[in-house]
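Dock chain B against the given chain A, drawing on the hints supplied.
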Amino acid sequence: MNKILICAFTFTSILFAQENSKSLLNDLHSVKNIKAFADYLFCSNDYLRAAEEYERYISFEKNDTAEFKVGLSYSRIGNYKLAEEKFNSISDNSIFNSSAELEYYKSIFQQEDYRSFRIIYSDEKPKANDLRKLYNLSFLFTEDKFPPKEEFISPFDSLERPDVNDFYDFRIEPPYKNPLAAALISTLLPGGGKIYTGEYGDGIVAFIATGLFAFLSYDNFKANHDFRGWLFAGLGTFFYAGNIYGSYASAQIYNARINFEFNARLNLYLSEKNYFISEIKFCE
Amino acid sequence: MSKSSSASSRVRVMKFLFITIFVGIFLLDSPFSQTDWESWNKAENNYQLPNNFRHRDYSFDSDNPAKFFVKSLTNTYWFFISDVDGDNCPFSPSCSSFFVQSVEETNIAKATLMFFDRFTRDLNIFKKGHYPRTEDGYFYDPPVLYSLNLPIKYLPPSEIINNE
Numbered sequence: 001m002n003k004i005l006i007c008a009f010t011f012t013s014i015l016f017a018q019e020n021s022k023s024l025l026n027d028l029h030s031v032k033n034i035k036a037f038a039d040y041l042f043c044s045n046d047y048l049r050a051a052e053e054y055e056r057y058i059s060f061e062k063n064d065t066a067e068f069k070v071g072l073s074y075s076r077i078g079n080y081k082l083a084e085e086k087f088n089s090i091s092d093n094s095i096f097n098s099s100a101e102l103e104y105y106k107s108i109f110q111q112e113d114y115r116s117f118r119i120i121y122s123d124e125k126p127k128a129n130d131l132r133k134l135y136n137l138s139f140l141f142t143e144d145k146f147p148p149k150e151e152f153i154s155p156f157d158s159l160e161r162p163d164v165n166d167f168y169d170f171r172i173e174p175p176y177k178n179p180l181a182a183a184l185i186s187t188l189l190p191g192g193g194k195i196y197t198g199e200y201g202d203g204i205v206a207f208i209a210t211g212l213f214a215f216l217s218y219d220n221f222k223a224n225h226d227f228r229g230w231l232f233a234g235l236g237t238f239f240y241a242g243n244i245y246g247s248y249a250s251a252q253i254y255n256a257r258i259n260f261e262f263n264a265r266l267n268l269y270l271s272e273k274n275y276f277i278s279e280i281k282f283c284e
Numbered sequence: 285m286s287k288s289s290s291a292s293s294r295v296r297v298m299k300f301l302f303i304t305i306f307v308g309i310f311l312l313d314s315p316f317s318q319t320d321w322e323s324w325n326k327a328e329n330n331y332q333l334p335n336n337f338r339h340r341d342y343s344f345d346s347d348n349p350a351k352f353f354v355k356s357l358t359n360t361y362w363f364f365i366s367d368v369d370g371d372n373c374p375f376s377p378s379c380s381s382f383f384v385q386s387v388e389e390t391n392i393a394k395a396t397l398m399f400f401d402r403f404t405r406d407l408n409i410f411k412k413g414h415y416p417r418t419e420d421g422y423f424y425d426p427p428v429l430y431s432l433n434l435p436i437k438y439l440p441p442s443e444i445i446n447n448e
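First to last, the sequence lines map onto chains A and B.
Residue 122 in my numbering is what sits at position 122 of the first sequence, and the numbering runs on without skipping anything.
Positions in the second sequence are counted from 1; adding 284 to them yields my numbering.
Honestly, the hints are just simulated from the structure, not real lab data.
Think of the CB as a built atom: it goes at the ideal place given N, C-alpha and C, for glycine as much as any other residue.
Some clues are possibly wrong.
[Claimed, not checked] What follows is a set of in silico ranges between Cβ atoms, one per label pair, in the way DEER data are often shown:
(1) 172/A - 435/B: 15 to 23 Å
(2) 306/B - 78/A: 53 to 61 Å
(3) 420/B - 120/A: 53 to 61 Å
(4) 125/A - 391/B: 49 to 57 Å
(5) 410/B - 178/A: 23 to 31 Å
[To be verified] Which stretches of chain A does chain B cover? Using the computed rule of at least three CB atoms under 8 Å from a CB of chain B, they are:
(6) 234-242
(7) 248-254
Chain A with its partners taken away, still in its complex shape:
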């Protein structure tokens, strides 16, 4: 009898298993649960899947918060183009309208298209002071003409001004190395131009290589080994000329590094300040 019961239970559970999982599946995909799952993903920093779930949720039910969070999700995974589109599509009646506008500008800024940012900023509509800060800082990323210093730092508060002042001064007078000066120094002293650009190892090696070939050439000419004398003289000349050329290139690379590090520092500063946009806390 017991065995019959065991068999009955086993087969019954197998037969009804599909039905149960079907109903569970329907429940999991309810509109309410999609939103709950999207919220969970958003707060777990799983922004790509959160955006997908929010979009699925919006297809069933229009929701301002979900639309805003789709834009935020794309922004946080670095898809700034899509974030820009999402923030731009948020209606004027939405409670997130003003935040979406700021995030929209932030997305354009983050696409590193600073000229477009300035063109879009310069329409007739009045702008928040925080956007003006971004507008001014956008000049630091390009070679375009800067506003005067007073005008440049005016939107920033007293806590922000020292940093912004530093950035401004750095951009006005960057500590570049002059490529012509580097080449000239290497002409006078082989390897000197490399040392001028901070490449001490390369400079010393260039000095030794040029000096060594010059000495070998001199020594062979002195010993009447003309062929070897000319061979070493030729090699020495190539090393000498190559080093002058390389010093010029080295100064250019040094300047590119200065720009790269400046941009990285400025981006870090902006990122720490969240691009001067107050963050809405959704996950507390």
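Relative to chain A, chain B alone:
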């Protein structure tokens, strides 16, 4: 007596059915079951060191005499010296490839200067931390950085460069 014998025969039948069903399930299950290799997606690892330290193009294809001259020199160097000597240049592209690429990008005079400058940098033993690395571990130092054409796309030493 007949009741107990019929009961015991029914138990035997049930036992037989029970065992047949479960044995049948086990027998059918095992040939179709997933092995661990399938479920964990076993990777076919090859622990042999790759012998492709330089994907070299030995062709003499060139669109100008200067490039043909340099390519001939480089092919000779590769065939008689470099391939025999082994993988010794710490840079990517290697010094000889750097020369060929420099000729392609600029001209033979400029490329010669670039090559001697590269050779000086190769002689410097304190290279670590100055160049980004490729995935293979070479110092990435392309000719485009030295062609004097601006702007330069600076790559920090912390960057890992894709081999392709």
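What hints, given by number in increasing order, does this structure fail?
-> Violated hint (a single one): 3; every other hint is consistent with the structure.
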